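J.: Sequence:
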Amino acid sequence: MKGASSKRKRLGRPTGNIDQRESILDAAGVDLSQRGHAGTSLKEVAVSCGVTQALITYHFGTKQQLFEQVFLRRAMLISEERVPAMHLTGRVPDSSLLPVDAVN
1 MKGASSKRKR
11 LGRPTGNIDQ
21 RESILDAAGV
31 DLSQRGHAGT
41 SLKEVAVSCG
51 VTQALITYHF
61 GTKQQLFEQV
71 FLRRAMLISE
81 ERVPAMHLTG
91 RVPDSSLLPV
101 DAVN
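1 is the number of the first residue of the sequence shown in full-length UniProt numbering; add one for each residue after it.
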């Protein structure tokens with residue numbers, strides 16, 4: 001049975017140079033978009049990105065805190081794209097327009 005267990009995918013820290021937090025946020029974002037908040041568990045996110053639920057809890061705390069970080073990251077990406085476009089049109093963005101403020 002030693003050969004069979006060595007072929008099984010190991011959970012825990014991903015190998016290589018993958019940023020754990022980013023891979024967890026990526027998986028949580030996909031799971032959240034497919035199943036919604038109520039339909040997504042930390043266990044499912046852990047399986048999706050190949051880490052343990054304990055590692056997710058270590059990085060983010062609760063499910064709510066993880067999903068807040070997913071939304072915050074998405075808001076930052078949208079703002080990074082929108083602000084330069086606003087400058088091109090001559091409109092100076094006001095910090096109150098940034099969606100990040102709504103999350104905090």
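Calculated from the structure, these hints are not laboratory results. In this text, all values refer to a predicted model and were calculated from it rather than measured experimentally. A hint or two may mislead.
Each pair of labels, with its calculated beta carbon distance range [as the list claims (entries may be wrong)]: (1) 53 to 88: 40 to 46 angstroms; (2) 35 to 58: 19 to 25 angstroms; (3) 62 to 87: 25 to 31 angstroms; (4) 81 to 38: 15 to 21 angstroms; (5) 44 to 19: 33 to 39 angstroms; (6) 20 to 41: 14 to 20 angstroms.
Just so you know, even glycine gets a beta-carbon here, dropped at the ideal spot from N, CA and C.
J.: Hint by hint, say whether it matches the structure.
T.: Checked hints:
1. For residue 53 and residue 88, the Cβ-Cβ distance of about 44 angstroms falls inside the hinted range of 40 to 46 angstroms, so the restraint holds.
2. Taking 19 to 25 angstroms as the suggested C-beta distance range, the pair residue 35 and residue 58 conforms, at roughly 23 angstroms.
3. Residue 62 and residue 87 have their C-beta atoms about 37 angstroms apart, which leaves the hinted 25 to 31 angstroms range violated.
4. Between residue 81 and residue 38 the C-beta distance comes to about 30 angstroms, which lies outside the given range of 15 to 21 angstroms.
5. Distance hint check for residue 44 and residue 19: the Cβ-Cβ separation is about 21 angstroms, which falls outside the suggested range of 33 to 39 angstroms.
6. Taking 14 to 20 angstroms as the suggested C-beta distance range, the pair residue 20 and residue 41 conforms, at roughly 19 angstroms.
Hint violations for this structure: numbers 3, 4 and 5, all remaining hints satisfied.
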